[in-house]
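Asks: Below, each chain spelled out in residue letters.
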Amino acid sequence: MCLGVPGKIVEIYENNGLKMGKIDFGGVTREACLEYVPEAQIGDYTLIHVGFALNLISEEEAIETLQLLNQIADLSEEITQEKIE
Amino acid sequence: MELNLKSSFRDVGLIQSRVNEIRKIISHPWAIMEICGGQTHAIMKYGLKQILPPEVEFIHGPGCPVCVTSLELVDKAIQIASSPNVIFASYGDMLRVPGSKQDLFSVRANGGDVRVVYSPLDAVKIAVKNPEKEVVFFAIGFETTAPANAMSVLQADTLGLKNFSILVSHVCVPPAMRAILGSPSNRVQAFLAAGHVCAVMGYWEYPPISAEFHIPIVVTGFEPLDIIEGVYKAVVQLENGENQVENAYSRVVTLEGNVAAQKVIRKVFETCDRKWRGIGNIPESGWRLRQEWEQYDAENRFDVKSIEPQESPLCIAGEILQGLKKPFDCSAFETVCTPENPLGATMVSSEGACAAYFQYSFKQS
Ligand code: SF4
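Line by line, the protein sequences give chains C and E.
Counting from 1, position 15 in the first sequence corresponds to residue 15 in the numbering used here; the numbering is continuous, with no gaps.
Counting from 1, position 309 in the second sequence corresponds to residue 309 in the numbering used here; the numbering is continuous, with no gaps.
Hints listed in this document are in silico derivations from the structure and should not be mistaken for laboratory results.
Owing to the predicted nature of the structure, the values given are computational and were not obtained by experimental measurement.
One or more hints might be untrue.
Claimed, not checked - Derived DSS-like pairs: lysine-lysine, alpha-carbon spacing no greater than 25 Å straight-line:
1) E:162 / C:19
2) C:19 / E:125
3) E:263 / E:45
4) E:24 / E:49
To be verified - Pairwise CB distance ranges (calculated):
5) C:22 / E:157: 22 to 30 Å
6) E:159 / C:25: 36 to 44 Å
7) E:271 / C:39: 27 to 35 Å
8) C:29 / E:284: 34 to 42 Å
9) E:84 / C:25: 35 to 43 Å
10) E:292 / C:10: 33 to 41 Å
11) E:305 / C:29: 40 to 48 Å
12) C:39 / E:110: 28 to 36 Å
13) E:280 / C:26: 36 to 44 Å
14) E:20 / C:41: 25 to 33 Å
Unchecked claim - Negatives, chain E to chain C, calculated, CB over 12 Å:
15) 30
16) 57
17) 72
18) 122
19) 148
20) 195
21) 241
22) 258
23) 263
24) 288
Backbone N, C-alpha and C define an ideal beta-carbon position, used for all residues, glycine too.
Assemble the whole structure, with the sequences as input and the hints as a guide.
Replies: Next up, the structure:
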């Protein structure tokens, strides 16, 4: 419930007075509210939770976490192997 | 996307070398509480307990908002959702949470208009599209959902909506930490603080707690390496008899947190006493709407004052949420209580301790 997902801001616009944006989560695009990251610009990476950007994060960090979310299955296998060895 | 990972939070070598460091310095059993259910989930999923030395005991904290939303509020939600002319919107996890008699799913099965939304702004959109209906959003959560839930009220106000309200059950982490540490049966010796709560709130609230209770507090993320790093920092402090607040998640968290979000939270909400499911009342541990926003308070719009909740007599989730027992200690665990048929809220969300044990216990044995 409190896990945020990092994504890349690909579009910024205003809707009913709120700063909004389109966020690319490594292929899937969703709308999010950018009111809490007023300094955000197109191309920035951000941590999204329940449709709101909570803060900006470095690109490197965002890509790593996205990779992780994609490869979580491998990860548990790797750790389990490590455990057995 | 570039596949160019340098240091990585999934690097088994890194995790293993950190674990070896912990092995080298640990000389004593230590009970460390991870506050957040997302961290509990990760610990079970990756078998982190199994790769750490046996001296490290994880005590699972109450940081699963689905688990601690009071039964009374779940019953109120069910009553409101069952009322005529209502569209009831909620984060998905709340639908299977057992109330005294039924859950929100069964309200929907019986013809109630219960909708899952991804964001509270989606509930505002529903209210705009359905002016003839009352739209109620179940505003649950810790400090992580508060900026979003607060903004839904401001947005409804901007749009002049008369048919939107929220059922507020906000809970706050620092008062719960104090309640756990102040309990006579407390066993917690160090905290891994919840990373994304701190992304919003910062960690300026923690030094007084750490000093008062002489306890290390380490702000910790959610990836395996984050958690191992949090444990490492906590163990170093415990072994040296220190009690500091440290940030092991600095790539996301700053001391002051998201100031813009805190401002909006304070504009919309004020501190109140809050009942936690299974735990009971914790003074000043919640947020409710300020009086100037009371027209958006679902508890004012609907007559839900006289509800007497009834918890399953078998369920020991309260003791589990306080770190006194583990899910295996419950006679109903895996027998009568399963994620498909949960008796208590900790079996519902994958971040609840019971559901995490159920899902991953086979891997652990
Ligand atoms: S296993 Fe079910 S009944 Fe037992 S404590 Fe957990 S949620 Fe409650």
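Asks: For each hint, tell me whether it holds in the structure or not.
Replies: For each hint, the structure was consulted:
1. E:162 / C:19: Roughly 23 Å separates the two Cα atoms, so the pair holds.
2. C:19 / E:125: Roughly 16 Å separates the two Cα atoms, so the pair holds.
3. E:263 / E:45: violated (36 Å)
4. E:24 / E:49: holds (17 Å)
5. C:22 / E:157: 22 to 30 Å: 25 Å Cβ-Cβ, so the 22 to 30 Å window holds.
6. E:159 / C:25: 36 to 44 Å: violated (28 Å)
7. E:271 / C:39: 27 to 35 Å: At roughly 29 Å between Cβ atoms, residue 39 of chain C and residue 271 of chain E fall inside 27 to 35 Å, so the hint holds.
8. C:29 / E:284: 34 to 42 Å: Once the Cβ atoms are compared, 41 Å apart, the range 34 to 42 Å for residue 284 of chain E and residue 29 of chain C holds.
9. E:84 / C:25: 35 to 43 Å: Holds, since residue 84 of chain E and residue 25 of chain C (Cβ atoms, about 39 Å apart) stay within the stated range.
10. E:292 / C:10: 33 to 41 Å: holds (37 Å)
11. E:305 / C:29: 40 to 48 Å: holds (44 Å)
12. C:39 / E:110: 28 to 36 Å: violated (48 Å)
13. E:280 / C:26: 36 to 44 Å: Given about 43 Å between the Cβ atoms, the range holds.
14. E:20 / C:41: 25 to 33 Å: Because 42 Å falls outside the window, the suggested range is violated.
15. 30: holds (21 Å)
16. 57: holds (18 Å)
17. 72: holds (20 Å)
18. 122: violated (7 Å)
19. 148: violated (4 Å)
20. 195: It is violated; residue 195 of chain E is separated from chain C by about 8 Å at its closest Cβ, not greater than 12 Å.
21. 241: Holds, since 31 Å exceeds 12 Å.
22. 258: At roughly 6 Å from the nearest Cβ of chain C, residue 258 of chain E sits no farther out than 12 Å, so the non-interface label is violated.
23. 263: violated (9 Å)
24. 288: Correct as stated: the minimum Cβ-Cβ distance to chain C is 19 Å, above 12 Å.
In this structure, the earlier hints numbered 3, 6, 12, 14, 18, 19, 20, 22 and 23 are contradicted, and the remaining ones agree with it.
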